[in-house]
Each structure stands twice: as C-alpha cells, then as structure tokens.
Amino acid sequence: MKQKLEMALQQAVASLLEEHGVEADIKVALTRPRQKAHGDYACNIAMTLAGRIKQKPHDVAGMLLERIEWPAGVEGAEIAGPGFINIQLHHASEMDVLKRIIDEAGEYGRAEATGQSVNIEFVSANPTGPMHVGHGRGAVVGDALAHVLAARGFDVFREYYINDAGAQIGVLAESVWLRLRELNGEPITLPEGFYPGEYVIDVARQIMAHHDFESLSKMDETERFSLLGALAINAMMDVIRDDLASLGISFDLFYSERQLHESGRIQELIEHLKDKGLVYAGVLPPPKGKEVAGYQPVEQLLFRTTDFGDDVDRPLAKQDGSPTYFAADIAYHEDKQARGFDRLVDVWGADHGGYVTRVQAAMQALTGKKKCPEVMLVQMVNLMREGKPVRMSKRAGAFVTLREVVDEVGRDAVRFNFLTRRAESQLDFDLEVAKQKNDENPVYYVQYAHARVCSIMRKLRDEGIKAADSDDVDVSRLANDEEKALVAKLLSYPEVLDKAAVRLEPYRVAVYLMELAASLHTYYHKHRVMVEDAALVQARLLLMRAVRQVIDNGLDILGVSAPEEM
RNA sequence: GCGCCUGUAGCUCAACCGGAUAGAGCAACGGCCUUCUAAGCCGUAGGUUGCAGGUUCGAGUCCUGCCAGGCGCGCCA
1 MKQKLEMALQ QAVASLLEEH GVEADIKVAL TRPRQKAHGD YACNIAMTLA GRIKQKPHDV
61 AGMLLERIEW PAGVEGAEIA GPGFINIQLH HASEMDVLKR IIDEAGEYGR AEATGQSVNI
121 EFVSANPTGP MHVGHGRGAV VGDALAHVLA ARGFDVFREY YINDAGAQIG VLAESVWLRL
181 RELNGEPITL PEGFYPGEYV IDVARQIMAH HDFESLSKMD ETERFSLLGA LAINAMMDVI
241 RDDLASLGIS FDLFYSERQL HESGRIQELI EHLKDKGLVY AGVLPPPKGK EVAGYQPVEQ
301 LLFRTTDFGD DVDRPLAKQD GSPTYFAADI AYHEDKQARG FDRLVDVWGA DHGGYVTRVQ
361 AAMQALTGKK KCPEVMLVQM VNLMREGKPV RMSKRAGAFV TLREVVDEVG RDAVRFNFLT
421 RRAESQLDFD LEVAKQKNDE NPVYYVQYAH ARVCSIMRKL RDEGIKAADS DDVDVSRLAN
481 DEEKALVAKL LSYPEVLDKA AVRLEPYRVA VYLMELAASL HTYYHKHRVM VEDAALVQAR
541 LLLMRAVRQV IDNGLDILGV SAPEEM
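Position 62 of the first sequence, counting from 1, maps to 62 under my numbering, and the rest follow consecutively.
Derived by calculation from the structure, the hints in this document are not laboratory data.
The calculated lysine-lysine pairs, modelled on DSS-like cross-linking and capped at a C-alpha distance of 30 Å, are:
1) K99 x K526
2) K499 x K371
3) K4 x K54
4) K489 x K27
5) K2 x K56
6) K4 x K27
7) K489 x K435
8) K388 x K437
9) K99 x K2
10) K459 x K526
11) K499 x K370
12) K27 x K370
13) K489 x K466
Between beta-carbon pairs, the in silico distance windows are:
14) N438 x P389: 18 to 26 Å
15) S15 x E515: 36 to 44 Å
16) H527 x R422: 31 to 39 Å
17) A518 x G115: 36 to 44 Å
18) G410 x G115: 35 to 43 Å
19) N234 x I465: 56 to 64 Å
20) G115 x Q11: 26 to 34 Å
21) R422 x D155: 20 to 28 Å
22) K56 x L284: 54 to 62 Å
Quick reminder that beta carbons are idealized off the backbone N, C-alpha and C, glycines included.
Modelling step: build the complete structure from the supplied sequences, incorporating the hints.
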C-alpha cells in the first residue's frame with residue numbers, strides 16, 4: 001500500500017516538475033504520522049518542492065492533489081499545516097491485513113529474496129578466555145541482525161574470525177604451561193601479564209588427561225609452546241562455542257587467522273599491494289598524547305591508507321618482519337570479498353571504533369568500494385546488581401562470564417534486554433532486574449502478551465467456538481479505536497523489519513514488539529473477545545490470531561521464545 | 001593534543017535519514033481483579049532536548065565553537 005501511494009505521488013510530482021520545466025530527482029517518502037488526526041500516511045513532498053518551483057508549499061500541495069490518481073483503498077487526502085498531504089485510507093482495506101497475516105503465517109513481514117548475499121562477521125572474541133558479557137551483547141546483536149537480514153531477503157552467511165595468531169596466544173600457552181607445572185606439584189607464582197583465570201587451570205587439566213607431562217618437559221620451548229598454544233585454542237574455542245550455544249547462536253564458519261598466516265595469503269596480499277604502488281617504506285611520526293614506552297623511530301612497511309580517507313598510513317609489518325594484525329585483517333576481508341559476497345558486515349566492539357576507517361580505506365584501495373565493510377559498533381555493557389556496578393576486570397581474573405549471566409537470568413531475558421537499545425549506546429544490565437518477573441523486565445511484557453492471546457484462544461476452544469475460515473470473517477466489524485490501533489500496528493511490522501534491515505538496527509524489532517504488546521494489553525482490558533454476537537467473536541478472534549502470529553514472528557527474529565502460557 | 005561515539009523527564013532510553021503539540025518504560029502519586037491470566041490496565045505529575053551561535057518555510061536531528069562522559073591513538077589483537 002505504502003509503495004502504491006508513493007508511486008502515485010511520484011507521478012504527480014513528475015508531471016508538476018515537467019510543467020514548470022524543472023529538472024530534479026526528488027524522491028517521495030511517506031511517513032506514518034504520530035497523531036491519528038494527521039491521517040494514516042503523511043507526505044511532506046509539497047514543502048520540499050516549494051523551493052524548487054518557487055511557490056508556496058500549501059499551493060504546491062493543492063496542485064499535486066489536483067493531478068494525482070489515487071490507488072484503490074484511499075478514502076481521501078487533505079492539506080494540513082504548512083503543506084503536509086495527509087492521506088486517509090478506507091479502513092476495510094487496512095483490515096484485510098489480518099487475512100494476509102493468517103495466510104502468510106511465519107512469512108508475514110519477510111521479503112522476497114533480493115538475490116544479494118551478506119557475510120556477517122560477529123563476536124570474534126579472542127580465544128584466550130571465556131566470553132564475557134560485552135561479547136555477549138555483540139553476539140546477540142549480530143545474531144539478531146543476521147535474522148533480520150535473512151528475513152528481508154538476503155542470503156546470510158555467519159562468520160567468526162578467530163584471532164588465534166600473535167603474541168597473546170604465546171602468553172596463553174605460557175600460562176597453561178605454568179598451570180601444568182603447578183598441577184605436577186611445582187610451586188608457582190603467576191608473573192605479571194599472564195592469564196590468571198581459573199579457566200586456564202581447567203584447560204591445563206584437559207591437556208594433562210591426554211598428554212604426558214614428562215614428554216612436554218623434554219620438548220624445546222618453541223615446540224612445546226606451539227603445541228600448548230594449539231591445544232589451548234582448541235579447548236578455549238570449545239568453551240566459546242558452548243557459551244554461544246547457551247544463547248542459541250551458531251555460525252556457518254569459524255575462520256582462523258593462524259591459517260591465514262600459514263597459507264601465505266598475507267604475503268601474497270602485501271606483494272599485490274606493492275605491485276599496485278600502495279605501500280612504501282617510511283617512518284611514522286610518534287603518537288601524540290600518549291606515552292609510548294621505548295619509542296624508536298623506525299622505518300617500516302606502510303600502506304597508503306591516507307589516500308583513501310585515513311589520517312595516517314598504517315604499518316603492515318612489525319619490526320621482525322611478521323605481518324601486523326592490520327595486514328592479516330585486510331587479507332581476511334579481501335578473502336571474504338573474493339568469496340563472492342555482495343556485502344560485508346562486521347559487528348565490532350566499540351573499542352575497535354578507531355579501526356573502522358583504516359580497514360575501509362584499505363578495502364577501498366583494493367576493491368574501489370566505499371564503506372566496505374559496513375561496520376556496526378556495539379557499545380559496552382555495564383553489568384549491575386541492584387543498581388551497583390559489578391566489577392569486570394579480566395586482568396584480575398575475577399570477571400563475570402557470559403555463561404554465569406545466562407545461567408543466572410536465562411537466555412530470553414539476556415537476549416531481549418540486549419536488544420532493547422541501539423547498539424551504539426551503552427547498556428546498563430542489572431542482573432536482579434533481568435531476573436525479576438515483573439513489569440521492569442520488558443521480555444516478560446512481550447511474552448505475556450503472547451501467552452495472554454493464547455489463553456484467549458484456549459478459552460474459546462474450551463467453549464466450543466472454532467475459528468472460522470478467515471475468508472468468511474467480516475473484518476469490517478472491527479471498528480473501535482483499539483482495534484484500529486492494533487491493526488495499524490500489525491500493518492507496520494514489515495516496514496519496521498525493513499528499516500531494521502536497511503539501517504542495521506535490530507533493536508527496532510524489540511521496541512516494536514513492546515509497542516504491539518502494549519496495544520494488545522490495552523485492548524484486552526477494554527474489550528472482550530467472547531461476546532454474544534458470533535460474527536463479532538469471529539472478527540476479534542481473527543485479530544487475536546494475527547497479533548499472536550506477529551509477536552511470534554518478531555520474537556523468532558530476536559531468538560526469544562514465545563510461550564503459550566506463563 | 002587528535003579522531004570516533006554519546007549528551008533528551010529524577011533514572012534507562014525512543015523520536016521513522018530535516019517535519020506537525022519531543023514520546024515510552026521504570027521510579028512518585030491516585031484509581032482498577034465475582035468477568036478470556038493483575039507478569040496487566042487507566043489517570044496525574046514530570047522538559048529552555050548540555051551551552052552559544054548559524055543554515056531555512058521548519059532543527060532534538062544538519063554546520064561551527066565551547067562544556068561533560070566513554071572509547072581509541074606506531075612494531076597489541
């Protein structure tokens with residue numbers, strides 16, 4: 001409907017522009033007004049146009065209305081305020097959405113295949129410890145976004161980049177080795193910088209079960225740490241996969257940074273960049289505002305990212321000649337591109353924000369595409385308990401893990417709460433509130449609405465009332481304000497999903513569900529489904545079934561369960 | 001010092017890429033269960049959108065400058 005209206009307006013605009021001999025590409029956009037008095041849809045095009053053809057907005061609106069041919073279903077249109085065109089629809093035609101929802105069921109809100117593929121990379125937590133709460137938010141947001149994009153017709157591929165190369169793996173291996181010695185009765189002290197967590201001991205125990213301490217001791221250091229590193233990464237990735245599973249999240253591919261190094265792809269990439277004249281040997285100025293211990297100006301291999309919007313050129317190789325994380329990451333993104341995805345989306349922690357420009361710059365240099373990858377930054381979570389912050393220090397080893405939180409408050413509460421705010425705003429997550437089963441906890445509000453509708457449907461069934469075929473239901477009987485409000489809400493679900501997909505904002509679905517639930521609760525208190533009038537019962541039952549379906553669809557996108565009773 | 005994000009009701013956040021009278025939820029106060037689940041509903045109160053300018057028919061939204069918080073700032077990932 002929205003599209004039909006926009007097309008009709010677009011044609012009127014085109015003819016008006018032609019008449020005035022103005023060439024302009026102006027796009028018509030409809031909005032749903034906040035206030036009912038402003039119609040079902042509103043359009044500001046007359047005001048946008050006013051400047052272009054030098055007429056008053058109000059008059060422009062009048063000229064548009066004179067030449068427009070509305071599609072069926074429009075009751076009327078009027079000019080309001082400074083020049084808005086407010087469109088009123090026939091309510092009967094809006095009510096048809098109920099039948100459509102029942103027909104389409106789980107498909108309602110979803111879009112036709114776009115033929116486009118999206119690779120979405122998220123979580124990518126280092127395999128040096130279990131996931132913490134911040135990772136959990138990125139995981140939930142990424143997962144929900146993947147669902148949203150899939151629903152809107154993209155072919156979605158989910159990927160986890162394992163940072164299993166580099167110095168921190170060495171530290172992990174040494175930490176494990178120290179714990180192994182401890183398990184063999186050696187007294188130890190944990191040096192500064194080692195991983196102190198309990199989980200390191202668990203990893204050591206696992207390794208003990210399959211490997212002989214004696215033979216590990218006899219190995220030379222390089223061999224031993226290389227083996228222990230690999231074993232520890234495997235063990236940690238098992239833990240992380242379990243952590244993810246506790247939230248109901250899975251991936252199509254876990255991509256290993258180590259294998260990227262070993263395959264020689266990074267060297268190939270650097271050679272390729274050299275051929276294109278994008279690298280040079282140079283010296284970077286010292287970083288400002290921050291003391292860098294032992295800073296030495298040194299010549300290194302630099303990527304000309306400044307040619308593509310970055311502030312400084314970025315190093316590709318460390319002093320010992322091994323590639324930087326940046327070099328590996330370009331190779332990784334280049335690889336994703338080469339695998340044929342139309343779009344690359346990365347969900348990163350906000351602490352990687354400073355990194356976006358350089359990766360996009362590098363990718364632009366390689367592919368010519370701007371804003372690739374599209375990066376979604378997820379802000380941190382402040383974990384609270386009864387209003388007081390819970391300290392999460394990874395260094396001290398006493399941080400609260402994601403798993404502990406999921407075990408304590410439950411998957412649905414964690415997921416929904418992580419999705420109620422925009423990703424780029426910080427989130428206070430109070431463990432006690434998330435556990436409470438009351439109105440402070442939005443997840444129950446929505447689930448309760450679903451359960452409530454199910455309860456009504458059960459009750460009708462118990463009374464021997466069967467739902468009629470939706471074609472036989474007289475939807476025009478739904479005429480009160482609350483019914484109209486519910487139908488309008490149901491009608492907007494596809495638009496909400498679409499906006500969530502276009503703007504990479506899955507939180508919109510959660511907010512929508514809270515609004516839909518509110519409309520349902522209001523309706524419930526004001527009107528009864530079980531009334532004398534059998535035809536009205538059928539009309540209201542159809543409405544209830546549609547509401548249940550849409551809540552179910554929305555919760556499914558968010559990965560939250562839709563209980564039939566609570 | 002530089003870059004990015006954020007600043008909206010007492011608190012946590014919205015506001016549909018510049019639209020109409022800035023909205024929800026908590027917290028506060030007052031009501032509503034003999035009726036399909038009160039994990040709910042209704043009502044009241046609460047605002048100079050951090051500050052100051054600018055752009056235009058119109059600014060919470062865009063630009064500039066301040067103020068405050070967060071994150072980041074060679075050879076860590």
